[in-house]
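Participant: I would like the entire structure built from these sequences, with the hints used as guidance.
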Amino acid sequence: MMTSAWRVCAILCGGLMWSVSSSAQEARPVHPANSDKVSYAALDALPDWRGLWFPAIGKVGGTQPALVGEARKTWEAHQAQLKANPRYEVPETSDNCEPDGMPSLMTFPYNLEILFTPGKVTIIQEALMQVRRIFTDGRPLPPREQLDPNYFGYSVGRWEGQTLVVTTIGTRPGQRLGIAGIVNSDRLTITERIFLDPANRDLLHLEFTFEDPEVLAEPWRRTHTFRRDRTWEQIEYICVQNNRHRIDEKGQTVVPRIN
Amino acid sequence: MNKLTRLLASCAMGILASAPAFGHHSFAMFDLTRRVTITGVVAEVQWTNPHVWVYVDVPRSEGPPVRWAIEYTSVNHLTRLGMTRTTIKPGETIEFQVNPYADGTAGGRFQIMKLPSGRFFCDVGAVQQFCAENNK
Numbered sequence: 001m002m003t004s005a006w007r008v009c010a011i012l013c014g015g016l017m018w019s020v021s022s023s024a025q026e027a028r029p030v031h032p033a034n035s036d037k038v039s040y041a042a043l044d045a046l047p048d049w050r051g052l053w054f055p056a057i058g059k060v061g062g063t064q065p066a067l068v069g070e071a072r073k074t075w076e077a078h079q080a081q082l083k084a085n086p087r088y089e090v091p092e093t094s095d096n097c098e099p100d101g102m103p104s105l106m107t108f109p110y111n112l113e114i115l116f117t118p119g120k121v122t123i124i125q126e127a128l129m130q131v132r133r134i135f136t137d138g139r140p141l142p143p144r145e146q147l148d149p150n151y152f153g154y155s156v157g158r159w160e161g162q163t164l165v166v167t168t169i170g171t172r173p174g175q176r177l178g179i180a181g182i183v184n185s186d187r188l189t190i191t192e193r194i195f196l197d198p199a200n201r202d203l204l205h206l207e208f209t210f211e212d213p214e215v216l217a218e219p220w221r222r223t224h225t226f227r228r229d230r231t232w233e234q235i236e237y238i239c240v241q242n243n244r245h246r247i248d249e250k251g252q253t254v255v256p257r258i259n
Numbered sequence: 001m002n003k004l005t006r007l008l009a010s011c012a013m014g015i016l017a018s019a020p021a022f023g024h025h026s027f028a029m030f031d032l033t034r035r036v037t038i039t040g041v042v043a044e045v046q047w048t049n050p051h052v053w054v055y056v057d058v059p060r061s062e063g064p065p066v067r068w069a070i071e072y073t074s075v076n077h078l079t080r081l082g083m084t085r086t087t088i089k090p091g092e093t094i095e096f097q098v099n100p101y102a103d104g105t106a107g108g109r110f111q112i113m114k115l116p117s118g119r120f121f122c123d124v125g126a127v128q129q130f131c132a133e134n135n136k
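Keeping their order, the protein sequence lines are chains X and F.
Counting in my numbering, the first sequence runs from 1 upward without gaps.
Counting in my numbering, the second sequence runs from 1 upward without gaps.
Treat the hints with care, as some may be off.
Stated by the list, open to error - Estimated spans, in silico, between C-beta atoms of each pair: (1) X:T122 with F:G63: 51 to 59 Å; (2) F:P116 with X:L147: 51 to 59 Å; (3) X:V38 with F:D103: 57 to 65 Å.
No wet-lab data here; the hints were simulated from the structure.
Even glycine gets a Cβ: it sits at the ideal position worked out from N, Cα and C.
Facilitator: Written out as structure tokens, the structure reads:
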């Protein structure tokens, strides 16, 4: 039970915090994506990416990753385990309904919905209803050290003709990079080029370039293709609705492994 | 199966076939090299994500029936394959094929079921081929 003196203090402190946050708010820039001067008419020049985009089978290409340091050792250890036991599964944190984050959410085997608003592209992955925002209003990428590493990172993009070119930094270290068994460091930069197939407008191409000096000796390119479906809308996906995997005291998934 | 469903099924098949790409929920507790057939009475359908669960009472020659827990894929994948929350209902007798639990627990990962109509319904993945061949 709070004494009345404490209650007065709490109210005063709350008021003080409110005024601090509102004065900080005034100093914040309004980026073009949220400005009242930006026009929706500009969107007419963009390509039609409506519908849902399902990953296409057998359409993953690119180069082999040139792993270095710990990343290479970890990869080799997983491969040795797999060789000894074909039922071995590389342990991954996303078992417990955590979002995949970048870059894996782009290629998870459900689908993507891509929305254009002035100065911004929003991508929704159906699995776990993951949302990422790509700012196309010309704002600069913030310095890496100013970012609080998170699942989706910070993405800025620009249109090169009908191709969306996106740069992402600031993802949490330890997320899956490309394939199970490889994870990123805090130095990862992801570049994406996303465009419709010139010969078939119901195919969308995504070209990733991963650059991470602590994991990769050279840029790693991976390419993916998606097929458009105009008949479905996304279906709700609440992973915690009936998740059976227990979480331990460190927030890690306890997965029954009978290997 | 219409063309779209088949396309989506084959789509899911290709991706799920490469097991490490399927990250979210482990299937390591199941013996994916074995498939067993059981017939029982549906006790409960949990039409939920991340996975659908169906509980089935399987009769034995002696003693009470054994309740099997069958784990399906997500509502999302099943919906796009044509299953709904009422495709199978409590009280119906259904034949299932599952990858059993490796430790002998009564249950498994869903593969194929024979619906009261006589048609088969198959999981996403390579087993879609079975439905394509048997539902002509």
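Participant: Range hint 51 to 59 Å: satisfied by the CB atoms of P116 of chain F and L147 of chain X?
Facilitator: Between P116 of chain F and L147 of chain X, where Cβ atoms are some 56 Å apart, the hint holds.
Participant: Please test the hint of 51 to 59 Å on the beta carbon pair from T122 of chain X and G63 of chain F.
Facilitator: At 57 Å between Cβs, range holds.
Participant: CB of V38 of chain X to CB of D103 of chain F, is that within 57 to 65 Å?
Facilitator: holds (59 Å)
Of the numbered hints listed earlier, not one is contradicted by the structure.
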